[in-house]
Every structure is written in structure tokens, then in C-alpha cells.
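**Student:** One letter stands for each residue in the lines below.
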Amino acid sequence: MAGVALNDVRKSFGSTEVLKGVNLDIADGEFIALVGPSGCGKSTLLRIIAGLEAQSSGDVVIGERTVNAVRPSDRDLAMVFQSYALYPHLTVEENMMVPLKLRDLSGIERLPLVGHLMPSRWRKMRDVRRIVDETADMLKMRDLLKRKPGQLSGGQRQRVAVGRAMVRKPVAFLMDEPLSNLDAALRVHMRSEIADLHRQLATTFIYVTHDQAEALTMSDRVAVMMEGELLQVDTPDNVYRDPVDLRVAEFIGSPKMNTLPGRVDGAGKVTTVGNYRLHRSLKARSRDIVVGLRPEHLDIAAKAPNGRHLPVTVRHKENLGSDYFVHADVDGTGHRLIVRTRPETAQSLPYQSSAQVWSVNEQAVVFGEDNARIYFETGEA
Amino acid sequence: MIGSQTNLGEALKHLVLILGALTVILPFYVMLSYSLKSPSEIERNVGGFVGAQAPMVDERCVKLNEPGKSEIAAAKPRFAGRSEREIKEKLVEELRQKCTMSPVVFNYSKAFSEAPLLRYLLNGLIVTLSIFFIQVLVALPCAYALAKLQFWGRSFVFGLVIFCLLIPVHAIALPLYIILSKAGLTNTYAALIVPWTISVFGIFLMRQFFLTVPDDLIDAARMDGMSEFSIVWRVMLPTAIPALLAFAIFSVVAHWNDYFWPRVVITGNRDLFTPPLGLREFKGDADGSFYGPMMATATIIVAPLIIAFLLAQRRFIEGITLTGMK
Amino acid sequence: MSTAAQSRIVPYTFVLPALILMFVILLAPVIVAAILSFTDYGLGNTTVSWVGWENYEKIFKRSHYEKMMTATLLYVIVVVPVSLGLGLGAALLINSLRWGGDIYKTIYFLPVMAALLAMAIVWEFTLHPTIGIINDTLTSYCDVAWLRSWEWYDQGCKDTFPLWLGDKRYALWTLCFIGIWQAFGFNMVLYLAGLTSIPRELYHAAELDGAKSAWDRFRLVTWPMLGPTTVFVVTITAIRSFQVFDTVEAIFPDSGGPAKSAYVMMFVIYEKGIKHNLIGFGAAVTMLFLIFVLIMTFIQHRLVDRRTHYS
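In order, the protein sequence lines correspond to chains Y, X and B. Heads up: the first sequence begins at 113 in the numbering used here, then just goes up one per residue. Heads up: the second sequence begins at 2 in the numbering used here, then just goes up one per residue. Heads up: the third sequence begins at 82 in the numbering used here, then just goes up one per residue.
Misleading hints may appear alongside valid ones.
Unchecked claim - Which residues of chain B face chain X? A few of them, derived with a C-beta cut under 7 Å, are:
no.	residue
1	Val91
2	Met103
3	Tyr189
4	Ala195
5	Thr207
6	His209
7	Pro210
8	Ile279
9	Ile355
10	Leu371
Claimed, not checked - Here are the simulated distance ranges between beta carbons:
no.	chain 1	residue 1	chain 2	residue 2	range
11	Y	Lys252	B	Lys293	39 to 47 Å
12	Y	Arg235	X	Gly10	15 to 23 Å
13	B	Leu178	Y	Glu341	32 to 40 Å
14	B	Trp180	Y	Ser169	24 to 32 Å
15	X	Gly10	B	Lys142	55 to 63 Å
16	X	Val51	B	Gly247	27 to 35 Å
17	B	Gly247	X	Glu90	54 to 62 Å
18	Y	Lys252	X	Ser156	42 to 50 Å
19	B	Cys223	Y	Arg235	52 to 60 Å
20	B	Gly247	X	Leu246	37 to 45 Å
21	X	Leu246	B	Val105	24 to 32 Å
22	Y	Lys368	X	Asn8	45 to 53 Å
23	B	Leu178	Y	Arg177	29 to 37 Å
24	B	Leu178	Y	Asp332	41 to 49 Å
Just so you know, these hints were derived from the structure itself, not from any lab. The beta-carbon is built from N, C-alpha and C at its ideal position, and this holds for glycine as well.
So that you can see chain Y by itself, here it is in the shape it has in the complex (with noise of 0.2 Å):
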């Protein structure tokens, strides 16, 4: 059990600079996500901890251990793959007992004949096999354990990966994308699976993948990443509603916010796009801004319940059964803006037609040219 830390990482693949300056502090225990866009460079971060990668320069510390020159296996890290890399020869078990037989048993013990033979062999391969069957039995994966990995369906391969990488115990385990080659369902299904095996054994899990909402739903904390570099690092909440960065906040949640373009000016003013104006004042004074709209924070109907809105043509309805989500363009713009709404109000809408859409309550999240978060004057964000 051990908290992983990141100091300074970077990386370098020739002249392109994959990671340029990684500081990361992930406590003992914690889930947290690692994010981002493909080729963000998320992945090759995971490996630099692993070991798999040699970082160009900075410090990966495991525990209190600074851990740049040992290798991978030395680094009492367990990982899942995305492909799962399982011994395509060996049985599920046989999969699972491989690091307890590395581990555990000499180099004339693990020979295939003479290696028999010797009894301390025995011994230690009782053990073995008792945790292989504790760790098949909290994975449900009992009936399994004889299959090889050619005989099993995707989310069974998963788990067994799971299952080898827990055997060892390891102070932390990586995970890159293990959910990416399952089908929606299955996904979705695991995704809760993992999250209670995280609960189970209070053990450090770091997470990568690229879709955001496995990092929402999953995660205790959510490290942001794009370009090599991390943005944000916070709990999912506060990555959700407390964005620092326009790309952060465009990357986060689904389906993407709302941008328009606008302007703040010399009390603090927001205007936007058809005019139309925020209540509140903003932190910043005369200049460009660009105003971040989550779908759920807005209102469509024929006629908006007050004065300001912005008036719409209604393109595009996505029906989601509990929600409707309206697509529609900003009158005189080429803005298209996509509004939440209850299904009534989407179905009282034909295609087309001129509808009007509003803030509510006025939640809105402003970044500045330079892509950082601007706040408003009084408190809340």
C-alpha cells in the first residue's frame, strides 16, 4: 500500500515532447482517473510508472521509494492491459498462478521436470493455488478457472486480467483503458464492478482512459490530460462544475457544453452572442471571453418565461426517453446551442420553428482567450 507520486515527469520521443512537466500526487488507497483525449499522452504516463517507459527526465517515487532506476517487476505494481495480454497457452488459473510462481518459487523450482520434484515445490504451490481460488472467488470466477483465455468472452478475459494483476497484491494497480474493447453494456457493467473491487481491497488504482464518463462514475479524483500536460486534478464534482480550463470544461461531460463567443466590458458586464447579457458581473474587465453553457443550465420554449434570451431555430431533437436533448442555431449565427428540456416541451416544438432559450438561474462558466477560467464577482462560480 503505498501512494504513487509524479515529479516533473517528462518525455521526450525524439525532438516531439510527449509529457512535458507531469507533477502528480496520488495518495495511498485513492481511485483516481487519469483522462483525456487520445494520444494526450495518458497512456505513456502509465507505462513511465510502470516501468515500461523511461521517463527523459523527473522522478516517479512509489511509497518512499524513488523508483527510476528499478525495474518494472521490482516496482510491486500490478497492471491490466488493454488487451488484456493473457497467456493465450495457459488455463485461467495457470494465467493467475504466474506471479505467485515467479514470486514465490526458485529458479530450479520452476524448472518444467526436475522442478517437480523437489518438495518444497509442493509446498509452496499449495499456497499458490489457495490464492488463486480466494482471489477467483471474490471475481465470481470459479467456474472459469480450467477455461484458457480462447474460450472466454471479452468481459471473462477482462476479469481474469483482473484477477492476475490482484494475486500479487500490489500497492497499486494500473489500469490502461480495460474497458475499451467491451461492448456498451458490458461496460457499464463493469465499470461498477471495478469500482466495488476498489472499495474491497483499499488499494491505490490509477485509471487511464479516454472516455470521460468512466472517469466520472468511477473515480475519487479526476486528473485531466491534454497535450502532456495535466490541467486539472480534483474530485469529479468539482471537475464537472468548477472546470479551470475551457478545454477541461468542453472535454468533460456529455454531451459537450455550450460555447459562444462574447464580451466582458468595463463594469464587468457579460454580453454574448445576440445580445444577450448575464446578470452577474464578472472578475475581468474589457475583454473577449468565451461563455460555457451546460445543456441542463438552459431552457427552451416558444416564448422564453422573461425578457432575456436568445432567439432559435429548432434543427435537431434527441429523444433520450427521461430528457430531450434540442439542438437548435442561434438566430443570425452560425451557434448552434444544445438545451436540455422535458420531453413535452422538446415534443411542443416542431423542426424548424422559432423557439427562444434561456440561462437558468444564470449558471454559466466563463474562460478567457487564454482558455483559463474567469470568476464572477460575488463567491459562487
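Please build the complex by placing chains X and B on the supplied structure of chain Y, with the hints as guidance.
**Tutor:** Using the frame of chain Y, we list chains X and B on its own:
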């Protein structure tokens, strides 16, 4: 990091590989080197790689052209006043001068003159190319039919192909020889070529390849009015060039180097010898002084494929791998 | 002919030449051989009679043919594992080099390209007891003291170094060496292809599971994943080894080796069946040969079936 990245490790690996390479190259070195040396150098094992290339006297040439009575008589006017014995000595001296040449020339010219090596090389070319050509002619349509056409008995034919893969042609040399003998066809080009015209391996390989060609391509050709025959040669063949190339390499190498079958089937007619047969015959009546020409013959036989290989290594190795993985 | 009828016939016209050739050149001769193996046929003989199992009995009873079986089986048993091991070893070494891999690959593959007959003759010359470069080189170091402390070397300096091909104790092993020399480059190429198809992540998984030494990685990932390649290599090498002829006939055309120590099957078929015109007997040896090949291929298929485990 995984794996041996140490410089010492690399050096050791290279050491082992170099030792292996030396062992592998040894016979090639011997062959080439001794094809350049004189008989005395060969016997005494001196002269480095290329030999001293000191002019040597071809003893056989001298013996063959030894001046007889008539030559001595004819030379009398040139050596007025000398005895017959002296004239003969002088003539032999002149002869020795004429029969002097560098070892390289000696070896390689003997290689071509002692036996019709050029003819043998030509035979090798004719046989190898004919075999490959007919193999393709037979295999391609069959592979196409098995891969893309539906007909009753298709699985039977394919099963037969698989079964025939088990029969190494060298193993059935004897009955084939009898059949050919009875038909009076031994000592003919037909005997050298026909047994190899069916390459079940080729059929199998091409079929595997053809299976990957999209049906749409073929349907489009049909709709354009192409006959099935044209489809094989105008549509399937171009897409299968890599596999065909691999097969070509396989076939050409195997048949240029084949010794056993020609040995069985060419029993009297030297004109039909393939290069390995020619070399073997050379060895048959060689004495000590003929190691040089023998090595020269061997070099000439082995050179074409080796040079082709060196020029196109990647292709060769890819080809062999492709055929292997199937 | 209508196009419908035409298109029904076409497949058969495509397949017919191959079918005919398969029957005439591959299948019929097997049957012919089978039948002839029970006779005392010879080309040009006026009479032929049925002799039942007599030919087969000769194979298993006469000491000559015991030597044939021994020589052939020994040759296969030595050449297959060694050329496999060398091929695999070379592939592993070359695969892990930082540079120069292509050069070694080319060199090691040269023997595969060169006509075996030609190279056999060159080897014979190289191994000549007196003027061959090997014995010559060995003799030239006879004044090096620490080499002389090796008994075999000392003996060689005192008398002569071995008659590699003339001595019945060495002949077969020397032939094995030549066979291995010729074959291992091919196996190396196959293994190189096999190695590149092993998913790298398996090695990473092995590393994280605690596999630290090259031996661990080899046992856990490399060797199992090369399974199909190995089966293929073994079968091909074995069948080719069974068919060895060129080296034996070139070097021992009349004897089949000193004391018949290299009296291999193909040589016997040629000598007895064709040179001595004992066709019936030759056919019997041919049948035996075919049975061996069939057994090996059968084993290969079973092994591949049992080991198919890929996801």
C-alpha cells in the same frame, strides 16, 4: 527497461553470430578461392584468398599438343642445323609458352571446355522456367475455381489437393521413372519437366491468396462481360503478384538446384544434363589437378541464385516466409 | 452453348488439368509403387512374379537395411533438433540486435540458396584429409602447446586428423553437419517471422508478473507463442531430412558411406531400384518412406489441433 541493452551483451551476441557466419561462409570461401588458384597452390593450400595468380602452365594442354614427327619436320626450316631432339625441346618450350595462362583463366576456361557447361546452364534455364511457367498455367485457374467458383465436387477436389500435399514428389521417383521409361520418355526435356508441372503447394498458396480478393471485383469484371478465363489472367493474376513472386522464388530455387530427379531420369544423354548433373560428372572423372576447374564449375552453378538473392534479399526472405506461414 | 451451361462447365475446365496431373503424377505412382512392392519386377525383365511380403522382409531382416534404417533415423534425429535449435537461436539473437541483423540474416540464408550438390562437393573438398582446408589448418596449429593438451588434438597431430568422410565413426555425423549447415537458415527465417508476430504486450505483462530473466521470458512467452512455427519447422525439416540424397550420392556414390554408415533411404531407393534394377524392392522401400512421412504429418496435425488456443 526490459532486455539486454548493455554494450557487453551486444558485443557477445555479435561474437557468437560472427563465429556462426564464418562457419556458414567457409565452403563459399573455399569454393571461390580455389576457383582462382593454380593446382600447385591448391595442393599446398597457400596463396591467401585470391592466390598469387602467377602464370602457370597447363600440363594437359602441353600433353595434348605434344609435337609429333610431322610438327618437328615442319619446324626444321626454323631451326636450321639443330638435331631432332633439340628441335623438339624448342617446340615444347614454345608450346609451354603458349599453354601458359593465369590460374583464373585456366580454371574457368577448363570449366567451360571440359564439359559443355554453357549447354548445361541453358538446360537449367529451360527446365526451370518451363516448370514454373506450366505450374502457373495449371495452378492459377484451379486455385481460382477452388476459391471463387461454386461447383459440385469442389470440396472433393480441394480435399484431394490437401491429400496430395502429403506426397513428396521425390518419394515417388521410382514409379514415375518406370512410367516414363515404359513410355520411352527418359532422357528428354519432358521427363525433366512434366513431373513438376503439378504443384499442389502452388495451388494451395494461390487459393489462400485468392480467397482474400473481394468478390465485388470479380462481379464487376463479369458484368463488364469478361469471361472467367480472362478474369483469371487479367484480374486475379495482377492482384496475386506478391504471392506469385514468392512461389516463383520457391520453384526456381528448388528446380535449379535439384539433383535427384535429373539424376534418375537422365541416364545417357549428356546434352540434357542440368547444372548439378554437369558438376557431378565433372567430379566423376576429376583427378588432383582438376580441383580448380571443379570449383570454378561449382561457382558458376551456384552464382546466379546467390547473386539474385543478394540483389533482392528482402523479396527472397519475404517470399520464403510467406510460403512458410501458409 | 448458352452462357448458363458455359458457366457450369468452366470450373471443371479450370480444375481438369490439375486433376489429371494429380492423378497421373502423384496418385497413380503411389498405387503403382504399392503394387510393385509385392513383386520382383525389373525393367526389361521378361517375367514378373508376385513375391508377397518378401521385399519387406528383406528390409527388416538383412543387416544392410538395418543400417539403412539406422542411418536414416539417426540423420533425422540429429538434423531436426539441431537445425531447429540453431535456427531458433540465430533468430533470437538477430532479433535482439541493435544493428547488423540484416547482414547476418543474409549470410545465414546463403546455404539455402546454393545447390546442395555443389556445396556437398565443396564440403567434401574442404574436409579432405590432407589438402582440405580444415585438416590443414588444424595441423598448422600443432605447435601450440595448450592445444596439444587436449587429447583428441594431440592424437590428431601425432597421426592424422580424422578422415571426416572416410571414417565410419565420423561419416554420418559429418553428413549431419552438412545437412544442418544447409537447413538452419531456412528455419531461422521462419522463426524470425514467428517472433515478429508475438504481441509485445505479452512481454510487458510477463515483466510485470515478475519475469526478470531472458530465460523466464522465453519459457513464458516466446516458446509457447512460437508453437505453430515450431511444429511447421519440425515437419518440413523432418521430411526434407528423410529425403536426403544429394550429399550421400555425391560423396559416397558407390558405397553409401564407409561401412554403409550413411546408407540412407533415398540412396537405397536409387541404388537398388534404379541402378540395380530391383524395382520391386525399391518400391517396398518407397512405401516404407511414404508411411514415415504420413506418420509425421499426422503427428503434426494432431499437435496443431491440440495447441490451437489463440484469442
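**Student:** Between Gly10(X) and Lys142(B), is the Cβ distance one that fits in 55 to 63 Å?
**Tutor:** Given about 56 Å between the Cβ atoms, the range holds.
**Student:** Range hint 41 to 49 Å: satisfied by the CB atoms of Leu178(B) and Asp332(Y)?
**Tutor:** The hint (41 to 49 Å, Cβ to Cβ) holds, given that Leu178(B) and Asp332(Y) are roughly 46 Å apart.
**Student:** So, as I understand it, the hint says Ile279(B) touches chain X; can you test that by seeing if any CB pair is closer than 7 Å?
**Tutor:** With a closest approach of 13 Å, the Ile279(B) hint is violated.
**Student:** Go ahead and decide if the range 52 to 60 Å is satisfied by the Cβ distance of Cys223(B) to Arg235(Y).
**Tutor:** With a Cβ separation near 58 Å, Cys223(B) and Arg235(Y) satisfy 52 to 60 Å, so the hint holds.
**Student:** If you check the beta carbons of Leu178(B) and Arg177(Y), does the distance land in 29 to 37 Å?
**Tutor:** Taking Cβ atoms as reference, Leu178(B) and Arg177(Y) lie about 34 Å apart, which means the hint holds.
**Student:** Has the hinted range 42 to 50 Å been met by the Cβ atoms of Lys252(Y) and Ser156(X)?
**Tutor:** holds (44 Å)
**Student:** Per the CB criterion, is Met103(B) less than 7 Å away from chain X?
**Tutor:** holds (5 Å)
**Student:** Using the C-beta atoms of Gly247(B) and Leu246(X), is the stated range 37 to 45 Å upheld?
**Tutor:** holds (44 Å)
**Student:** Please test the hint of 24 to 32 Å on the beta carbon pair from Trp180(B) and Ser169(Y).
**Tutor:** holds (27 Å)
**Student:** Regarding the hint that Ala195(B) lies at the interface with chain X, is the smallest CB-CB distance below 7 Å?
**Tutor:** Where the cut-off is 7 Å and the nearest Cβ of chain X is about 5 Å from Ala195(B), the hint holds.
**Student:** Could you say whether the range 39 to 47 Å given as a hint is met by the Cβ separation of Lys252(Y) and Lys293(B)?
**Tutor:** violated (32 Å)
**Student:** Any CB of chain X closer than 7 Å to the CB of Thr207(B)?
**Tutor:** The hint holds - Thr207(B) has a Cβ within 7 Å of chain X, the shortest such distance being about 5 Å.
In this structure, the hints that do not hold are numbers 6, 7, 8, 11, 12, 17, in rising order.
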